[in-house]
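Number of protein chains: 2
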Amino acid sequence: MTEFRLFRGADRIDALSPADRAYAYGDGVFETMRAHRGELPWWDRHWARLRHSAPRLGLILPEEDQVRAEAQALLAGEDAVLKLILSRGEGGRGYAPPAQAIPSWTISRHPLPPPAPREGLTLRWCDLRVSLQPALAGMKHCNRLEQVLARAEWDDPNVHEGLLLNTDGELVGATAANVFMLRAGTWLTPPVDRCGVAGVCRQALIDLADIQVRPLNAADLARADAIFLCNAVRGILPVARLGERQWAPHPGLTGLRRRLGSSHPAFAGLDD
Amino acid sequence: MTEFRLFRGADRIDALSPADRAYAYGDGVFETMRAHRGELPWWDRHWARLRHSAPRLGLILPEEDQVRAEAQALLAGEDAVLKLILSRGEGGRGYAPPAQAIPSWTISRHPLPPPAPREGLTLRWCDLRVSLQPALAGMKHCNRLEQVLARAEWDDPNVHEGLLLNTDGELVGATAANVFMLRAGTWLTPPVDRCGVAGVCRQALIDLADIQVRPLNAADLARADAIFLCNAVRGILPVARLGERQWAPHPGLTGLRRRLGSSHPAFAGLDD
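In order, the protein sequence lines correspond to chains C and X. Letter 164 of the first sequence, counting from 1, is numbered 178 in this note's numbering, and no numbers are missing. Letter 141 of the second sequence, counting from 1, is numbered 155 in this note's numbering, and no numbers are missing.
Bear in mind the hints are in silico, worked out from the structure with no lab data behind them.
It does not matter which identical chain is used: a pair holds within one copy or between any two.
The calculated SDA-like cross-link candidates involving lysine to any residue, where the alpha carbons are at most 20 Å apart (straight line), are:
| # | residue 1 | residue 2 |
| --- | --- | --- |
| 1 | K154 | T46 |
| 2 | K154 | G106 |
| 3 | K154 | E78 |
| 4 | K154 | R82 |
| 5 | K154 | R107 |
| 6 | K154 | D207 |
Please take these sequences and the hints and turn them into a complete structure.
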């Protein structure tokens, strides 16, 4: 089902090198994009995040035009999920990044996830606390064991996502989504400067609407008038339940979803 | 120069899958071993660490006898470094570990590093602070971006290693080694229960000698009578210099090195 294409610099390759540093150390970054009829409406946002992360890690980016063209060729006009992994490239033994690394990258096409439950998501709290690391915060890097461990905490298919606090007890987000809450007419979402991922959909919402970025905790969430998760594959996902707490569908979400739909056609026309 | 052999479960494979979770998420662990005339004298210690880490991450281990036999076949009687990467195996998109993953593993043979400078190592302090994550602490897992960033802080070949503090200001170790210090006749090394790696050579020394494991900081190091780094490839590496501070060779190290040499023949006969 999943189709992969691999590259080293500008060259298509047949197989991943076992000396690839993404394999050895998670030494890379990735993007997961929603394709709509073979197009990637948020391409510029995804590439901007890569352009922002690459110098922080000292990664070299391949040519944007080539990556985009290869991605569109792989998509072949379909609705799908397009994943891009960008690795520092091959290296020897040892952490020191090679001075002349040629970046390697993989694109893969995946089926769309099933639609979210119409009544809203059911969430749980994860036990794992996310560590604080400003040097890596915000990036969608390939060191994701915290998310793997958090996601492994439950296998009940009726629980759709898990929320995470950091080691200071502040809200981070879900394992694979950012979180927003409504309180007294204002939408709030936590910062991503000490941990967490600067999600592309999160940023689209911050650009589109009046969102306050500030630290939040579990008590804040319990007092929320509405909660949603969001990511670049699924857009806005209203939350119906978190532990004992339940939320009815909130009219404040309708306007936000409409505005998001004007930015990414895959997220248009989803609403009530 | 480097030779690789790849496996999926018990089967030799030709190439790494781009769906491998060590590539996507750093979802694996590794061991780096010193081979002496084709033997792996600390095999039991390395395998014990894998057996300890695997259930913490929910990884399946391949058959020990097969891994060891393949490693020895690859070594072909040589002195070398043998690296083993053990991945959860292939997976789909998403952090949830597959219920039925078949572990994949790679062994590789590398040349021995050049001998350490006889006058002792020169160290620096790294700016990066290591994050606190008890759920991952102690393991030699494949999420190593912190070490990559720390090691990228310098390229002066006269600086041999960098020391790291955690976000609480406590000493962690070097980017690729544990650290020990002598103070008033007692050897001390920091714990690895909140961050850091439970090094195989570190554990061998704790088992061989009277070592106190306790939190240390930069001020403690400045007052040390002697310092050394250690890892499973290079054994004990005396430190001569850290910033302005210098240490003359210390007789307290001789006994420790001799005892380590009795545990691993590659580390015997190195001494003055």
